[in-house]
Structures are given as C-alpha cells and as structure tokens.
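Participant: One letter stands for each residue in the lines below.
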Amino acid sequence: AKKIKLGFIPLTDCAPLVVAKELGLFAKYGVDVELSKEASWANIRDKILNGELDGAHCLFSMPFSVYTGIGGKAGSEMKIAMVLNNNGQAITLSKDFCGLLGYKEIAKVGAAIKKLQAKKEVTFAMTFPGGTHDIWLRNWLAAAGINQKSVGIITIPPPQMVANMKVDNMEGFSVGEPWNGVAAAQGIGFTHIASQDIWKDHPEKALVVNSAFANSDKADLKKVMKAILEACKWLDVMANRKKAAAWLTKPYYVNAPLAVIEARLMGSSDLGCDLGVKRYKDDFMTFYKGGIVNTPKKSNGMWFLAQFVRFGMLKAEPNYAAVADKLILDDLFAEVAKEMAVPVQPDMKPFKTTYDVMFDPANISAYLKTTKK
Amino acid sequence: MKKIFNIQSLYSILFFTGSIIILGLIWQLVSIITEKEIPGPLQTWVVCKEMFTTPFYDNGPNDKGIGNQLMSSLWRVFIGFGIGSLIAIPLGVIMGSSKFMMRLFDPIVQILRPVSPLAWFPLGLLAFKAAAGATIFIITITSLWPTLINTSFGVSSIPQDHKNVGKAFGFSKLKYLTKILIPYSLPHIITGLRLSIGIAWMVIVAGEMLSGGSGIGFFVWDSWNGLSLEKILVAILIIGTVGLLLDKLFNVVQHAFAWENK
Amino acid sequence: MKKIFNIQSLYSILFFTGSIIILGLIWQLVSIITEKEIPGPLQTWVVCKEMFTTPFYDNGPNDKGIGNQLMSSLWRVFIGFGIGSLIAIPLGVIMGSSKFMMRLFDPIVQILRPVSPLAWFPLGLLAFKAAAGATIFIITITSLWPTLINTSFGVSSIPQDHKNVGKAFGFSKLKYLTKILIPYSLPHIITGLRLSIGIAWMVIVAGEMLSGGSGIGFFVWDSWNGLSLEKILVAILIIGTVGLLLDKLFNVVQHAFAWENK
Amino acid sequence: MKSLSLEEIQTLNDSEIETSKAIEKILGPSAIKIDNVTVSFKSKNGIYTAIKDISLDIKKGEIVSFIGHSGCGKSTLMNTISGMNTPSHGEVIANGNVVKGPGPDRGIVFQNYSLLPWLTVFQNIYEAVDSSFKNISKKEKIEMVEKNLKMVNLWEHHHKLPGHLSGGMKQRVAIARAFAINPKILLLDEPFGALDALTKSSMHIELLKLWNLDHREKTIVMVTHDIEEAIFLSDRVVVLNNGPASTIKEIVEVNLERPRNKKDIVHDPKYMEIHDKLLNLLIDKFSIADY
Amino acid sequence: MKSLSLEEIQTLNDSEIETSKAIEKILGPSAIKIDNVTVSFKSKNGIYTAIKDISLDIKKGEIVSFIGHSGCGKSTLMNTISGMNTPSHGEVIANGNVVKGPGPDRGIVFQNYSLLPWLTVFQNIYEAVDSSFKNISKKEKIEMVEKNLKMVNLWEHHHKLPGHLSGGMKQRVAIARAFAINPKILLLDEPFGALDALTKSSMHIELLKLWNLDHREKTIVMVTHDIEEAIFLSDRVVVLNNGPASTIKEIVEVNLERPRNKKDIVHDPKYMEIHDKLLNLLIDKFSIADY
Ligand SMILES: Nc1ncnc2c1ncn2[C@@H]1O[C@H](COP(=O)(O)OP(=O)(O)OP(=O)(O)O)[C@@H](O)[C@H]1O
Ligand SMILES: Nc1ncnc2c1ncn2[C@@H]1O[C@H](COP(=O)(O)OP(=O)(O)OP(=O)(O)O)[C@@H](O)[C@H]1O
Ligand SMILES: [Mg+2]
Ligand SMILES: [Mg+2]
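Chains as they are written, first to last, in the working numbering: chain A, 1 to 373; chain B, 374 to 635; chain C, 636 to 897; chain D, 898 to 1188; chain E, 1189 to 1479.
Be aware that a few hints might be false.
Unchecked claim - In silico lysine-lysine, BS3-like type, Cα no more than 27 angstroms apart, as pairs:
no.: 1; chain 1: A; residue 1: K73; chain 2: A; residue 2: K349
no.: 2; chain 1: D; residue 1: K1159; chain 2: E; residue 2: K1451
no.: 3; chain 1: D; residue 1: K1047; chain 2: C; residue 2: K810
no.: 4; chain 1: E; residue 1: K1458; chain 2: E; residue 2: K1388
no.: 5; chain 1: A; residue 1: K218; chain 2: A; residue 2: K326
no.: 6; chain 1: C; residue 1: K810; chain 2: D; residue 2: K956
no.: 7; chain 1: E; residue 1: K1247; chain 2: E; residue 2: K1348
no.: 8; chain 1: D; residue 1: K1097; chain 2: E; residue 2: K1247
no.: 9; chain 1: E; residue 1: K1288; chain 2: E; residue 2: K1221
no.: 10; chain 1: D; residue 1: K1167; chain 2: C; residue 2: K802
no.: 11; chain 1: E; residue 1: K1450; chain 2: B; residue 2: K540
no.: 12; chain 1: A; residue 1: K73; chain 2: B; residue 2: K409
Stated by the list, open to error - Computed list of chain B residues with no C-beta within reach of chain C, every gap over 12 angstroms:
no.: 13; residue: F388
no.: 14; residue: I399
no.: 15; residue: C421
no.: 16; residue: V482
no.: 17; residue: Q483
no.: 18; residue: F494
no.: 19; residue: L559
no.: 20; residue: F592
no.: 21; residue: G616
no.: 22; residue: L618
no.: 23; residue: D620
For the record, the hints were derived by calculation from the structure and aren't laboratory data.
C-beta: ideal position from N, C-alpha, C; glycine also.
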C-alpha cells in the first residue's frame, strides 16, 4: 500500500500519533504511516493543502480558520476526521507578571497588564491565527476585560515559545503542553491558566486530512483512524502514560525534558513562580474518555466560527452549519466508531464555557449579542 | 546647464516602463498557469493601493501601517549594518596591512562567512537575551564580511607606487593613513559597504520572520500565516524596491568617492 | 618535481592552527561572558564527537544522522543551483550581447535580486505545491542573480579587440560564440557561479527551517526548538566548513579556467 | 632555428623582383583607392567628424605609413580601409572591389596583437584560416598554419598560449595570422607601438623579411607614431593634420634604396633630409607650452 | 603662459655657470658614490642577485643615464641610491652620508609619475613639502608649492586631479614635486618611458630647462631604454650588462656641447659616433632569433 504521511508539531498532544506508531497500531490495521515533524502550523496547512501530507495532528479550529480566509486562502478545505484530545493547553505569563497575579486570578489581569504597559508594549503569542490557542487567548483577554487591540498578538510556532519568551519577545503565550511546563521549569514564566479552566473538556487537536485523501482513500483513512482511536484508548489508561512520555521526550518527537512532559501528562502542573503545584483531577489532557473526546462535533466548529465573528476576525457572519458540515467528517467518524464499537456522542447541544455566556448552535446571533467582546 | 529632459532620460523612462510591463506580463502568466493560486498583478495592485493609502497608521500593536513596518526594519538594518561596518573596517585595515594578520584571520573569516543568518539567530537570542538584539546581531554578523573582505583587499592591494611615494617623501604614519591608505581603499570599502547593506537588507526579513514583532519580515510571516498572497507579493515588491534604492544610494556614494574615474 | 612537504605548507598549517586556536579562544570568551549560556568549544566538541560517530544512521524520517541531513541539503542546493544556472547563463548571454535587452531586463533583475529567500517561500509553496519544490525554488531564485549579472557583465565587456578579431577574420556566429564569447566570459561566469553557490548554501538553511522535514537547516531549527545550543554550534561549524569547501571547489574551477593568468 | 642575417633576406630574389616591382609601382594598378572619404561619428555631443575628404591611391606592393598626432584619425582611416567602419561619404576600393566590410583579402594586424588569449598560437591562426577558406580540407588548413608559423620562426611554440609569449613573439603570431589568410593587403595599426626600442628594431626586420619572402607583392599600410620607423619601412609616409575633420597634410616620398640597413641608413643624407622634413611637419606642436 | 624657446633656456646664465661647472665636473666632490654594491633578493627559488659589485662615482651637477636591457637591474640600482632598498654588500654615499633609507636630499621621479590620484596637483606637492620641511610655516610651504608649480608652468592647473592631466603634464607635476623638496640629487626611473615620441621630446627640453634654471647644480641620475634620449640629456651613459648579477659593461662619455639642439644634434658626427657605439653595445641582442 502507499505510504501515508502524517505531520505533527512537537507537542504532548501529538501522543496518539506517536503511540499508534510506536505500538505498531498502524501496521496492525494495515497501513504504512510515516510521521513527519513539521516546522509550524502554517507549514502543516500548506502541506495538507498541497497533498504533501495526507493528514496531520492539527488545531481543531484551523480548518475553520483556513476555510474562512483568516489563516489561509478562503475556501481551502481541510477535513476534520476525529478529535485527538481535550484539554492540556495553557496561558503562560512571563516572570514580569510574577507577583502581580497568580493562578487563575483573572480579575487582576487588567491591572497587571496596565502596569506593564507603562514600561513597554505588552505582547502575547499564539500559534496560528484563528487556531485554538488564539481563541483561548482571546477568550481569556475578554474574560479579563482587556481590549484585544490594546495588546500585541503575534504568531509563533509552539516549540519556539519558550525561546522567544526567554528573550523578552513577548509577555505571555498561549500554547499546548509541554511548552508551558518547560517555561515554568526554566523559571521564565508561570502557568497562569489552563485551557480547561477556560472551557472544560474542549476539543483541542484533531486529525485533519487532505480532502483528496478523505474522498479517494477512504478505506485507508478509516484504518488510520482506527489505529489512532486505539492509541487514544491506550493513552487514557493512566498507567500507560509514563511509557508514552518516555516516547514523547525523544529528540525526534517533542524533544523536551521527560519530567515536564510526564508531570503535565499525568495532570500535575508545577505552575512556576512559586505558585505551587496544581493537580487536575479529571480535566487534564484526555484522549478518549469512552469516545467522548474523539467525536468531532459540528457544534464545536460552529462555536469557533462564532468566536471569529465575536473577535472581529470575520467581518461577515458565515453560514455556520454549512461550513461545519463541509469540514467535519462526522459520518466517517460514525462509521469508524461503529466498527470499533465506540459510542458516538450527540451533537448540536447548547453548552457554556467558563467565562462566557451560553452558546446555542441553533441561535448563534443571540450568543453574539450577549457575549463580551 | 544640463537639460533636465532630454532624449536619454526619455529612453530611460521608456525602458523602465517596458521592463515593468514585462515583469507584469510574466507575473500574470504565472498567475494564469497556477490557476490564480498566485494572484495576478491587478489583484495585487488593489491590495497594494489600499496598503499605501495610509502607510503610517498605527492602531495598536497588532495593526500598523506598512510604512511603520518598513521604518522599523530600516532602522534595524542601519544599526546592524553600522555596527558591522565599525567592526569590519578597522579589522579589514589591520588584515590588509599585515600579511601575518591576513593569514591568521583569513580562515576564521572563511568559515564564519558562509554561515546562514538563521543559524546565528538562536545564538544571538541567547547571547543578547533580546529579540531586537538578536536581529541586530545577525545583521551585523552576516553583513560584515563583504566590508571586511573588501577593506582588507583594498588595503592589501595599495600599489607599491603609492607606498613608494609615502616612503620617498617621508610621510608620517598618520599622513600615510589619511593621504594614502584611506583614500586608496575608500572605493573598495564602499563597494564592500554596498554589498553589506544588500546582505543586511536580505537578512532582516529572516530575522524578523523568526523574532516576530514588527518590521517587513514580520509582515511577510504574518501574511504567510494568514496566507494573504497579495500582501506577500506587495512585500516582495517593497523589499525589492527598497533593496534597489539602497543599492542605488550606495552606487551614488561609490561614484562620489571613485577618484579613479575622475 | 614538487616537494610535497616544504616550508610553505608548514607555514600554512601553522597559520591555520593558529587561526583555529584564536577562534576557539574567542568562542570560549563569549561562553564565559554569557555565563555558559552559550556552550564553550569543549562542551560542543563532546556533542560533535557523538554526532560524528554515526553520521549516517537512519531511524525513520525524524531521526537521521547529521551526515544524512547534510547530504539531503547538499542535494537540494545542487538542484536549485543547477536550475538557477541553467536559467541565468543563457539569459546573461542574451542580456550581455544586446544593450537593448540589458536595459529592458536590468530593472527586473535589480528589483527581484534583493528579495529575501524567505519572502519567496510562500509563493514557491503555492506554485509548486510541495515543500521540496518550494525549497528548490527559493534556492534557484535567490542564487541565480550573481551568475546572471556576472555572465551579462562578462559578455558585455568582451573587448572590442576580441570582437574585431572575429569581424576581421570573418568568424561565423557559432565560431564567435564558441571561440570568443564563451571563452572570454567563462571566468566571469564561474565567478558568478561561485557567488551563486555561496548564496544557495546560505539560503538552504532558511528554506529548510521554514519547510521542515530534513536537512541541515531543519536540524538547526529542531536543535533550536530543543534548545540544544551545542548542536546549533556544531551545525554552524558544519555549515561554515561546507560553505568554505564549496567555495574552495569553485576557486579551483575558477583558476582552472582563468586563461588570464596562464 | 635558422636565423637569416639582415643582408641575406633583403637581397633574396632581389634581382628578379626589383625590375618588375619598379615598373608596377609607378604604373601599376592601385591596390587601395581611397576616394574622397569622410568619416563621422555620432556621439553624445553631436556629430564628430574624424577625417574629411581624404583621397589616396596606394599601389600594389607599396608600403605606406600614416603618421600624425594622437587622435588625428589614423586608426579611423585604417578601419575604413579594413571595413571595420563605414565611411559617411566617399568609398574605399580595395583590390578592385568597394569595401563593404572586413574580408579575407585584407589581413589586419592590430595595435595590441589581438590574439585570443585562450587559444594556443596554433589555434589562433587556425581559426582565422578556418573562417577564411571554406573549401579546403582540414589537413590543408593545418599545413597552412604550419607554413606560416614556420615562416615567423615560431613553429616550436605553436602549442603555447599567447600569455606565455614575449611581446615580439606575439607580434609575429599576429603577423603570421594576417599572412596566413594570404591577403593581398596587410593593414597594421601601430603594430610596434608597445614594444621597447630594441625589440621594435628587430620586428621591423621581421616584417621586411616576410614582405621579401612573399616577393614584395603584398601591399602594406601601417600607422605609426615613430618617424624613424616610418622612414625605415615605407615607400611613402602620409602625414595627417590634426583632427577634427583631419585631412592629408603632406605625402613624403621615401626614395631610399632597398634593401635598407638599419645601422647605415641613419648616415645617409637622404635619410636625414626626410627625417628633418617629417620632424618639421610634426613640430609645430613642439613647444614647452601645455598640450 | 610664457613659453620660452629652447635656445633661450639653454643659454640662460650659461656664461656664468659654465666655467665653474666645468671645473667641478672634473675635480669636484662626488654627489653619489656607489661603492661596490651588490643587491640580492630572496625569492621562492632561492636568492637572486640582481646587481653585483657595482662601483660608480657621480659628480655634483652631472647628468648620468643608465641603459640596459629589461630586467638587467637598472631600477634596482636606482632604488639602492634612493634608499628604497638596501644593498646586500657595499654602500651608497649620497651627499656625504651613507644612504640608510629615502631622504629629502634625493628627489625621486618615478617611472609612472606616481602621483596620488585622489589629491589635487597642489596637494600632491604640498604633502611632499609638508613631510620634508618640518620647521617652516604653512604659508611658506604653500609658497614653495606655488613656486615649483609655476616653474613647470602648471600653476593654473593646481586644483586639478592628476586624472585630468595629460601624460606630459603629470610628468611635470612629478618633476615639480621632486624639485619642491629641493633635493641635491634627482633620481628619475624611466621618466619618459610611457610617453609618445613627440611628448617625450618636449619633456626632455622641460627637464633641461629646470636643470638650467637651477644653475645646473642638481645631480640627475636617470634610467632609460632610449639611446637618443640618453645621448641628448646625459654627460655620461652607463651601459649595464644583462642580469643576473649584472655589472657595468661600459661607461660612454657624451662630450657634446651644451646647450644641445634637438634638431641639429643628430647631424653632429660626434652624436652619431656615440649613437653607434651605444647601439653596438646593446646590439648583440639584435637578431631575428627568439628573445
Ligand atoms: N567609435 C567612435 N565614436 C566616436 N568618436 C570616435 C570613435 N572612434 C574614434 N573617434 C574619435 O575620432 C578621433 C580619431 O580617432 P582615432 O582613433 O582614429 O585616432 P588615432 O589617430 O588613431 O589616435 P591614436 O594615435 O591615439 O591611436 C578621435 O577624436 C576619437 O575620439
Ligand atoms: N623585490 C624583488 N624581489 C625579487 N626579485 C626582484 C625584485 N626586484 C627586482 N627583482 C629582479 O631583479 C631583476 C632586476 O630588476 P629591475 O627592476 O631592477 O630591472 P630593470 O632593469 O629596471 O628592468 P626594466 O627595464 O624592465 O624596468 C629582475 O630579474 C627582477 O625580477
Ligand atoms: Mg589609433
Ligand atoms: Mg625598471
């Protein structure tokens, strides 16, 4: 069979791909998969679109951002086959903020930023325009009552975050683990808030595929999905996570210190800046949870689209349902889930994130009217 | 009195126009071949016009006019280039004056010269603990070589004739430096500076792309993340044009100091 | 018969050693000044030795020996450089032969030349729909200028004397091309190629850093992500040395074809 | 290598040649007929007329020198004869045909030899021969090159590049090249200008030797700055006025017997007379003022 | 500008000077005493001895020419006198002192003028004056420059860069520079080598004019390739053997009366005798063989 090439970015949540590979699950399902480390999300976007990669470990909201022209050429289709994980991202603030505010102290954010702004321009980094990290950052800013335009927001590839903060290139960043952990461990900054604190059990990375691959090699894609699903299941056995961490730490995967990867993967965050250790109980990085994690939900996609409108990234409202329909391969997932005896989760229900108002996919304009911008 | 408008300048304008038209046509062709994946000149022009109507607006840290970006890039280029020149010229004079120094330092120059600016960047970041410092550092370290090499070449190639004049008429060290060494090497130094500024300008994009924040390089990176090809194309044209202007500027300086053709 | 080992080569070795020692000392100094943020030569040497014990191992796509990385980079450089040369030389001959063409194409060359490889990258990706293609494209488009400019300069500077020989003895077009134009311009063309390969080598790092995958540039990027400064330093030395070797190679070619000093 | 003495060469075949030559020089057909030639150049500051209304007949087998101050148009006139540039008015008839461009009937020896430095001595001549004779075999061409190189005593050096030759040797290659295409007319533009006095003298003898070996049938036109050279070599010396629009100032006949001996000739009163005449023609520039 | 005729210059002060000069030249002190000088160079192929065991006395006010084939060591000898290089054996005594290096008592005119192209005519001379005279005021220095430039008739051009001057004018600047430091000895290495025949003649007269204006007290040593130039200018012509390790072949006295007239002199039988003698000394290289 032809070689299938999947891209990934050095992040803890690329674990399902790594595990599927290391456990030989791809081979087990009869596909020849090669994992390819990529330099940035933009790079992954371009390679999926031009077919160099068949699929990749990718931000859940990236296909929406690209399709709507925020992070790419409008109309380019990248398909979401399944979700890889929930949770496990965070906003790290530089040591400039150390002492000004602590873990989850959102109320103090405004004053702290004001204070810093007296000295210099305050800049935050995320990983891709319209990507999940961008949206976590903006949600957090909105929750703290910060004008989005009063701070700098720049794009930096995840593995570059620590180095850039070290040289004062920005005062905060929103990125996936282990980079928040690494920053804390190196004393460069501290974990201010985790993404699960902003939206518990949010969809994070997804298996995003090239549309040609989705259409013409459906059989292969399903095999890939099955292997990954099995890997996710394996990963949610906490006893296995140490082993996973040992793989991830390798230079050719994430190339970050084992201790940091392992601790955060196990739900224990040393916040840094003498803020102590925060232990998450059930809302650390999850990969399976009986299939709850993996179902790609259109309503989630619509939420991200709504965020784009909310934060002025889209001037006009898109046809939410149509876009979600186009980009989310929920039917395909349903087939795979069925064959794997994994329960498929119901979709299109209203839900609420921590600092925001209720979101009803059936009445988005109501949400947009009431939400803080 | 020179005629301001003569047949020569008419020709120049005609050729320049022709040149631009050809460039436009090739571009359009590429655009058609790639099935509009790459925007054509007209589409780009629309974006370009928009960008240039208010080049210097400043709506907070994320939204600055292209003029601002350009200014901040140019500023960095000049600083890095300036520091590089201040290192390169005296070092070049030393290397050019003494065969011993030349042989001793030449291998270092030869090894460090081909290293890409991007490879220096991480080092710069760590050494300076500041992205601005790192960007300036990589501009400095990649752009100083042509000036260094040209200066040392210029100094080492001072004709025996000129040196003999100094000897025969008993010039003091200072007089030798100011009346023979520097005047002779100046055209070489300026040629070096011209090459250096070209490299500095080329490197700024790389530096800003990696360090983020501001400048034309960041603008390219940002446009790539957003895949606004029109903006990237505009940026390419701007980079090209500014590069051209910098080069022309140094060309003028070069001619002003070229005693050879006077 | 030449003596293989003479006082000259002994001197060369001594100077080279001295040079390396100086470089090492400066490096050590920087390391001390930055409080070991930047590793010193000894630390780096340990990593270097390790890397070079098995330079050609290949454990899947993300885990390859430095030798493999180097090979894949060199391969890309040669392809891009080759394509660039195939475009640049004939175009240069055309521009050099006709003043009309020269004036028409010169502005295009001048505008596109200073554009940074990184700005071309997104365009290349779209046009070629492949990162490998884009990398080669940026090498091609940034490295072709020196060859183009040198070739056109060489051709346009054929002395009237040589042209007169062709005229006076009734050389055919072909004979003119093969016996006058090409031999005369060859040293210029080779100088251009030499500059071009230098740029190509400089650009590969940028290209691979952006496109990911493999090669010495990606190695730098990856080492940077992992903040393994020793590896970056080793990479800098490797890049420098390979750049130096490429340059020396072309230097040899250049001397072989320089009829001037024969 | 055989080194003929000066006397040997000059007397070679003298008896046979001399009679027919003498007649031809007086009555014979003109090899070159310069007919009212004007040459102007377009330049940035308008049109510059280098030479104006020059007419001159040069007979077959004659050696004629042009002499004049720098920039007076000597090279321009030579180039017009060779066909390298076209007259604005008038025409040049060479060997009975109007000159339209360079042709193998006129061999040119350029001021600075103009050998192609990347070709060997042999190749330099071969390429010229190859271009001029289309219908002969390669072997014959090689033989022609060999013959001509032997004639100038350089066959042993045929594999060398011009850069490895001394100035005098290069000059001989250039002359061999011009002879190799067997032209009826030889045009030499300051052929010895760059040589030092001693080498120059030697080259004069070389040239006359070749001219003799070829039965004095070739017409030679040369440009020079050097009065003594002009007298030693020429049958007539054409003195040009200063430009712009320079014309012929005077034509001085050099009625010295051939063969001429370099050492003896300076003692000949006729030589001195001609020398003084030429010096006087050129000397009005001869002051301590600026020029 | 005033343009003196040749005769005017040559007779200037003649009566007064001539008597004292004549005596001095025979009995007077030597301006330069070259004492058994050998000069060797270290090179890649070992040691190369350019000149060997050369001894020569040059009297004050004398004009002496060195002549010889290329590479025979003329420049080496000149440089040894000027102090630009040091003899391996022997010594040179100039103006009573052993030569240790260049000094303002010996003015040098280099073969190719060696003006600094980025300095104006004025500055070129000023810098030399400034370096040679430490104890005089700036105003006096400027006056000295002016005087010397006027002497060579170039004051009007003092603000020009050398690139804007003709060859002859540059040569005069170089001479003015050498004169400006008022040296007792003038050393000229092929000063007219690069000039065409006509300009060269003019420059000869210029040089003699300056020598006369300075009461013929300066000693002039020059290198040349040109026999006629050597005869016209010198009191003695020193012919050197070919190198390596070249020595003096012969010293030819030029016992022609001064002032010498360029046009007349060639008719003087003494001139011809000297000319022939020199030609013969140099002529063994004079054949059609390769060189
Ligand atoms: N192609 C040209 N375009 C414009 N002017 C020219 C051209 N060729 C020659 N001239 C001018 O014509 C004049 C005569 O030039 P030419 O080369 O014939 O002089 P010449 O007598 O050979 O001088 P020299 O002795 O220095 O070689 C000069 O003033 C020169 O500037
Ligand atoms: N610095 C030097 N090192 C080595 N050899 C030298 C040096 N200077 C001169 N020579 C050699 O000494 C010899 C004499 O050189 P010199 O320049 O004195 O000759 P010359 O008579 O002035 O010749 P020309 O007439 O060509 O100027 C030459 O063979 C030259 O190669
Ligand atoms: Mg001429
Ligand atoms: Mg010399």
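Participant: Each hint: holds or not?
Facilitator: Structure-based check of all given hints:
{"no.": "1", "hint": "A/K73 x A/K349", "result": "violated (30 angstroms)"}
{"no.": "2", "hint": "D/K1159 x E/K1451", "result": "holds (20 angstroms)"}
{"no.": "3", "hint": "D/K1047 x C/K810", "result": "holds (25 angstroms)"}
{"no.": "4", "hint": "E/K1458 x E/K1388", "result": "holds (23 angstroms)"}
{"no.": "5", "hint": "A/K218 x A/K326", "result": "holds (16 angstroms)"}
{"no.": "6", "hint": "C/K810 x D/K956", "result": "violated (34 angstroms)"}
{"no.": "7", "hint": "E/K1247 x E/K1348", "result": "violated (37 angstroms)"}
{"no.": "8", "hint": "D/K1097 x E/K1247", "result": "violated (34 angstroms)"}
{"no.": "9", "hint": "E/K1288 x E/K1221", "result": "holds (14 angstroms)"}
{"no.": "10", "hint": "D/K1167 x C/K802", "result": "violated (41 angstroms)"}
{"no.": "11", "hint": "E/K1450 x B/K540", "result": "violated (36 angstroms)"}
{"no.": "12", "hint": "A/K73 x B/K409", "result": "holds (11 angstroms)"}
{"no.": "13", "hint": "F388", "result": "violated (4 angstroms)"}
{"no.": "14", "hint": "I399", "result": "violated (8 angstroms)"}
{"no.": "15", "hint": "C421", "result": "holds (14 angstroms)"}
{"no.": "16", "hint": "V482", "result": "violated (9 angstroms)"}
{"no.": "17", "hint": "Q483", "result": "violated (5 angstroms)"}
{"no.": "18", "hint": "F494", "result": "violated (8 angstroms)"}
{"no.": "19", "hint": "L559", "result": "holds (23 angstroms)"}
{"no.": "20", "hint": "F592", "result": "violated (10 angstroms)"}
{"no.": "21", "hint": "G616", "result": "violated (2 angstroms)"}
{"no.": "22", "hint": "L618", "result": "violated (9 angstroms)"}
{"no.": "23", "hint": "D620", "result": "violated (7 angstroms)"}
The structure is inconsistent with the numbered hints 1, 6, 7, 8, 10, 11, 13, 14, 16, 17, 18, 20, 21, 22 and 23, although it conforms to all the rest.
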